[in-house]
Amino acid sequence: GAGVSQSPRYKVAKRGQDVALRCDPISGHVSLFWYQQALGQGPEFLTYFQNEAQLDKSGLPSDRFFAERPEGSVSTLKIQRTQQEDSAVYLCASSLELAGGREQFFGPGTRLTVL
Amino acid sequence: TQLLEQSPQFLSIQEGENLTVYCNSSSVFSSLQWYRQEPGEGPVLLVTVVTGGEVKKLKRLTFQFGDARKDSSLHITAAQPGDTGLYLCAGVRSSNTGKLIFGQGTTLQVKP
Numbered sequence: 001g002a003g004v005s006q007s008p009r010y011k012v013a014k015r016g017q018d019v020a021l022r023c024d025p026i027s028g029h030v031s032l033f034w035y036q037q038a039l040g041q042g043p044e045f046l047t048y049f050q051n052e053a054q055l056d057k058s059g060l061p062s063d064r065f066f067a068e069r070p071e072g073s074v075s076t077l078k079i080q081r082t083q084q085e086d087s088a089v090y091l092c093a094s095s096l097e098l099a100g101g102r103e104q105f106f107g108p109g110t111r112l113t114v115l
Numbered sequence: 116t117q118l119l120e121q122s123p124q125f126l127s128i129q130e131g132e133n134l135t136v137y138c139n140s141s142s143v144f145s146s147l148q149w150y151r152q153e154p155g156e157g158p159v160l161l162v163t164v165v166t167g168g169e170v171k172k173l174k175r176l177t178f179q180f181g182d183a184r185k186d187s188s189l190h191i192t193a194a195q196p197g198d199t200g201l202y203l204c205a206g207v208r209s210s211n212t213g214k215l216i217f218g219q220g221t222t223l224q225v226k227p
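If you're matching them up, the sequences are chains A and B in order. Each residue of the first sequence is one higher than the one before, counting from 1 in our numbering. Each residue of the second sequence is one higher than the one before, counting from 116 in our numbering.
Chain B on its own, in the form it takes in the complex (with noise of 0.2 Å):
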């Protein structure tokens, strides 16, 4: 049983387009990262949240944590080719270890 459940698995979309991907549980998260993956690499965190309710924003990328802090979300505003890659989801239990528990990733391919 995967524990955080991240949707959709494969995404293509054209250059343009908005784009959502979610990442739920039914466990409580200190906090919640998202990463983005490229082939041949590893994982680059992109943001960190820890209030429930938060939401930041990183230039077209929005990301939002759940008011009880099971769930969060990637909102894509007007997606471009560069934004190909593999996008994970990735939540701390608890704030006294680091222990990373991902989601299952969104492969996300944007046409040009």
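Excised from the complex, chain A in its bound form (with noise of 0.2 Å):
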């Protein structure tokens, strides 16, 4: 079956532009995470869902970024007001649980990044 889908693969926003990325999860995983991942560096923890209930946002580096995922499905990573160091690689990923140690299936991310 198809993977976790994200779009668009590659986007590059002038500073101060609003963006939005998407994330086509695995379907029927209850568990959506959203990371942010530096140029070689390991991914760091955003945010995630256990279907359309945001969880955890505490890895949101500011009021700027916004996640939602209304139906429990896709889910929409929306920046506003991009900065420079909002430039990086945005992987999600999705679970079929919400337990601790469940697999989780990345998607190839995109890669933003703000002039």
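Don't take each hint at face value.
[What the hints assert, rightly or not] Simulated crosslink set (SDA-like; lysine to any residue; CA at most 20 Å straight-line): (1) Lys172(B) with Glu103(A); (2) Lys78(A) with Ala20(A); (3) Lys11(A) with Gln80(A); (4) Lys57(A) with Ser210(B); (5) Lys57(A) with Val162(B); (6) Lys171(B) with Arg102(A); (7) Lys171(B) with Ser188(B); (8) Lys172(B) with Val162(B); (9) Lys172(B) with Arg102(A); (10) Lys11(A) with Arg111(A); (11) Lys171(B) with Glu103(A); (12) Lys174(B) with Gly200(B); (13) Lys57(A) with Arg208(B); (14) Lys11(A) with Ile216(B); (15) Lys11(A) with Gln84(A); (16) Lys226(B) with Leu118(B); (17) Lys57(A) with Ile216(B); (18) Lys11(A) with Pro154(B); (19) Lys57(A) with Lys185(B); (20) Lys185(B) with Arg102(A); (21) Lys172(B) with Arg151(B); (22) Lys57(A) with Thr212(B); (23) Lys57(A) with Leu118(B); (24) Lys11(A) with Glu156(B).
FYI, nobody ran anything at the bench for these hints, they're computed from the structure.
Take the two lone chains, each set in its own frame, and fit them into one complex as the hints suggest.
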């Protein structure tokens, strides 16, 4: 079956622009996670959902970052008034269950470059 | 402060050599996972270790979880060019959450 897909794969934004990054998880997966990965570093947790409920958003860097999953499937990560420090790869992952230790399936990521 | 310290960060070796990557923390994890990531792709799970002292083998890869569940290691025997990639350890603090805490990653290059 299809894996996790993300779109767009690449996004170039001018500083101050708003961007929206989409994640299509594996069908039936309850949990959805967003991570931010700087060049040459490990991913850092941003937020996660169980169905449509956002259970933890402690990793969001600022109030310019907003994530939603209104119907418990597709999720969108929105960044308002982008800054250069927002440049990174944004990874989405989904998991069959929320329980810790369950395998998370990652999408290919969206590479965001803010000029 | 990085919760999971991974070392070394870069490793360049010849085909056939052995290597070990370490993942250390002062915190206890309920489980720890190892991922491999190729350029332009997301991380792919290699293994999950749950029990302190647990050892798992995946072909030429051997994974160990420390007795106190604070550290882990990945050992590759007779490395091959196909092993080249970014290796990431990731821990879960609580079984009630799937939130992963990643190490900085180890970039491995195996030369033919």
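To see whether the hints hold, each was checked on the structure:
1. Lys172(B) with Glu103(A): Given pair Lys172(B), Glu103(A) holds - Cα atoms ~17 Å apart, limit 20 Å.
2. Lys78(A) with Ala20(A): holds (4 Å)
3. Lys11(A) with Gln80(A): holds (14 Å)
4. Lys57(A) with Ser210(B): holds (18 Å)
5. Lys57(A) with Val162(B): violated (27 Å)
6. Lys171(B) with Arg102(A): Holds. Lys171(B) to Arg102(A) sits at ~17 Å (cutoff 20 Å).
7. Lys171(B) with Ser188(B): The hint holds at about 11 Å.
8. Lys172(B) with Val162(B): holds (9 Å)
9. Lys172(B) with Arg102(A): Status holds; Cα separation ~19 Å.
10. Lys11(A) with Arg111(A): Holds, because 6 Å separates the two Cα atoms, which is no more than 20 Å.
11. Lys171(B) with Glu103(A): holds (16 Å)
12. Lys174(B) with Gly200(B): Roughly 17 Å between the alpha carbons, so the hint for Lys174(B) and Gly200(B) holds.
13. Lys57(A) with Arg208(B): holds (16 Å)
14. Lys11(A) with Ile216(B): violated (26 Å)
15. Lys11(A) with Gln84(A): holds (13 Å)
16. Lys226(B) with Leu118(B): This hinted pair is violated, its Cα atoms lying about 31 Å apart.
17. Lys57(A) with Ile216(B): Distance of about 14 Å is within 20 Å: holds.
18. Lys11(A) with Pro154(B): Within the cut-off at roughly 17 Å; holds.
19. Lys57(A) with Lys185(B): violated (25 Å)
20. Lys185(B) with Arg102(A): It holds: about 19 Å lies between the C-alpha atoms, which stays within 20 Å.
21. Lys172(B) with Arg151(B): The hint holds at about 15 Å.
22. Lys57(A) with Thr212(B): Holds, at roughly 13 Å.
23. Lys57(A) with Leu118(B): Holds: Lys57(A) and Leu118(B) sit about 18 Å apart, inside 20 Å.
24. Lys11(A) with Glu156(B): holds (16 Å)
Hint check: violations occur at hints 5, 14, 16 and 19; the rest are consistent with the structure.
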